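> Chain E is already provided as a structure; the job is to place chain V on it using the hints.
Sequence lines, in order, name chains E and V.
Once you know that position 431 of the first sequence is 431 in the working numbering, the rest is easy, because the numbers rise by one and skip nothing.
Once you know that position 189 of the second sequence is 189 in the working numbering, the rest is easy, because the numbers rise by one and skip nothing.
Check each hint, because a few of them may be wrong.
As the list claims (entries may be wrong) - Per label pair, the in silico range of CB-to-CB distance:
1) E:84 - V:45: 24 to 32 Å
2) V:278 - E:102: 32 to 40 Å
3) E:134 - V:45: 17 to 25 Å
4) E:85 - V:69: 46 to 54 Å
5) V:149 - E:287: 50 to 58 Å
6) E:142 - V:28: 45 to 53 Å
7) V:73 - E:38: 32 to 40 Å
8) V:168 - E:203: 25 to 33 Å
9) V:141 - E:203: 53 to 61 Å
10) E:172 - V:28: 24 to 32 Å
The set of hints was computed from the structure by calculation and includes no laboratory data.
For clarity, every value in this text was computed on a predicted model and none was experimentally measured.
Glycine included, each C-beta is placed from N, C-alpha and C at the ideal position.
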Amino acid sequence: MKTLSHTVWRMGALGATLVVATAGATLAQDKALTIGLTADPSHLYPLAGEELSSNIMYYHLYDPLVARTAELEFVPGLAESWETVNDTTWRFKLREGVTFHNGNAFTAADVVFTVEKARASIRPDLVANIASATAIDDLTVEITTPTPYAVLPNDLAELLILDEEYTTATGDEQMDLKPMGTGPYKLEEWIKEERLVLSAFDAYWGGAPKIKTVTFRPITNPATRTAALLTGEVDVVQDLAVRDVDRVRNESGFEVITRPSLLNVVLAMDTRPESPTIEGPNPMVDQRVREAIARAIDVDAINKIVMNGLATPSTQFVPASHLGYVDGMDFRQMYPVDIEKAKALMAEAGFPDGFTMTLDATNNRYVNDAQIAQALASMLAKINVTLNLNIMPKSNFWGYIRVPSDNSSFIMSGWDVPAGDAGSMYAALFYSRDKKEGYGQVNRSSYSNPEVDALIDKADATPDVAERDAILQEATKLLMADIPMIPVHYEQDIYGVRDGVKLTPRTDKFLSAFEMDIE
Amino acid sequence: MLGYLLKRLIQMLLVLWIVSLVVFLMMSFTGDPVFMIVPIDATDAEIAQARRILGLDESLPVQYWIFISSLLQGDFGQSYVFRQPAMTLILERMPATIEMVVVAMVLAVVVAIPLGVYAGANPNGRLSRMIMAGSLLGISLPGFWVGMVLIYLFAVHWGIFPSSGRGDTAEVFGLRLSLATWDGWHHIALPAITLSLGTMAILLRMTRAGMMEVARQDYMKFARAKGATRHDVLYKHGLKNALIPVVTIFGLQLGDLIAFATITETIFSWPGMGKLLIDSIYRADRPVIVVYLMLVALIFVVINFLVDIVYTLIDPRITLK
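For reference, chain E alone in the conformation it holds in the complex (with noise of 0.2 Å):
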């Protein structure tokens, strides 16, 4: 069988190279593109809701304040420049002569209206930090923070600049229907389930798009995904399935591209005396306990067995791209793997004969996720430590977690910060529960500390990036002593594509036709 299917391949990429080469003839003069992506957007409104497929529309669509570039730097978008009046009020610079698709004049006004309409929708946490926007000038826009903020720049870039005039006569309901951005792209035409097809926007003010044409296919069947992109009808795509990786890898023809994800797959551990599936006092309260749960998972064969290879075990919270990350510091060589050595920690915290407890993991979420709980269980016994699986789809998973966590002692899920900044995901999952407005709220492991929670008070006080960075920085190094979460692997981003398509993936994983070529 194995044989055959592969003789089958093989044959199938003689017939695709074919129509690639006839294909690519008239892609000459006016170039196109065609995207299988693993599923349809659901919104083309910006203010409607938010998943990876929208998020690739938006982009293409509209534009921010501030761009985002495919290395997570943040450069100028719709706003030339900005500066700080005060430690708490920013003064941007509006682009001139940035018109929307239908020809209105982008103005200051747009950006205040903006604001106000996504703090009324379904994303306020787009504007969580800013305080008030008003226009100066139809060029010049003021933004002022609630509190100091260093990293408002980095926030904006995902907040998607609307058409005052053309939102407020057009409704939300037709907004997703019918977007109207500055972006390179204009949409031309969506049929649901079907395809999505943009066309360029030539009076874009970073250059006309050099592609002219893109759709985009939903094929949620990897192996449908797979086909489409060898017998030539797709010319990329989108998270191509591991165990076709080295078929597409052995083509003449295709070329698989990877990069490792913003995604970092994290265990919360519960730090309450009491924890809900644990009998008696919770072990895990004690960091020796921790330290020995870490030593006892062996990530790199998690990687080897479970992910193919396809994953980079995490070093830090963060990746090293962001504010807050410390240099050379590795939490795998903190704690490698070491079964007598966490046998002896949990033996000095007076638990030589382990516990019982309950993992929380989705089935659907992240990439073989509910395998990978399955090898966390087996390593776990290694030091005594029995671990039930609680597995389930994600629909029930991020209600069934949820803070305050009432049937959680340890939790697997994913965390991704795409606006490169440790200090969001720190005050969301590591700061004390309900002592502050907007900090604490995802905080599984109910962890608690004061020295944790000055920091990042001091972080988001300052008006200034690189102070920032060093404070967030010495909160990395006080959480990696202290393990309230031990982090396991990023998961890589697989895409596949035919030979002459020019594509560099982004860190944050919104493809972007305007940053492609064809050769």
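Quick look at chain V alone, frame taken from chain E:
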């Protein structure tokens, strides 16, 4: 006839009401939809705002009451995920599904009935035994496996058919149909074949069983003795009397394929409504699930009604009461 219609109508309303109630109750166990919509680090205030916007801040009985009372005014509610009217979401995906199912059912009937008649008339022939073995395969092979094999062979290996999608469509009476274009036929072939195999096998076996029973009846021998051709005896006298169970199964299969063609649609990324149901279940999108299942119940009721009428055409002794 009028009384029969009225009775059917009341039955239908009852069924629809029960479906809506059951779905509402079931959905209260499948997780809170608000968590599928807000960002994972949303604060309590942000979640409360989302609940208010989605209408999830009321208690379940109140939500049900709001749903039923707006239903009576023709408003089927809005999807939590898409923020669009649930009915529109379903209806815009419906033509693609119906189209694929119609092709699949026609294919199934065209292949199954003649083969079934043949196998029933010649139960011991070598060809009959091959047909029956083939039908066993058709019943036992899972659709997703057949679909993948067809894609590997016909799309990737031989390059005869495209692997997925719907292809070009043309508007016919305001509906976008693939069947109106050659490219559309090209795209519908593999999914329709995949979808038809199971039904084809069941219809074939039902036809054969009916024919074998009918073949033993005296009137068949009389007809033959009277001088009717073998073909006429089989199709006019035999098949007509063997058809009642076949029509019943046909109706049930038709409803089943329309409602739950999900797997075939997913494999061929066919933009039908079955995939919407699965996605909605994953995302706990209750308004879509309720309307979808009510629509499915309606489709079943209508199909069964039509089947009843077909009974009277096939067998004049049957009347609708």
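> Can you name, in rising order, the numbers of the hints this structure does not satisfy?
Result: no hint breaks.
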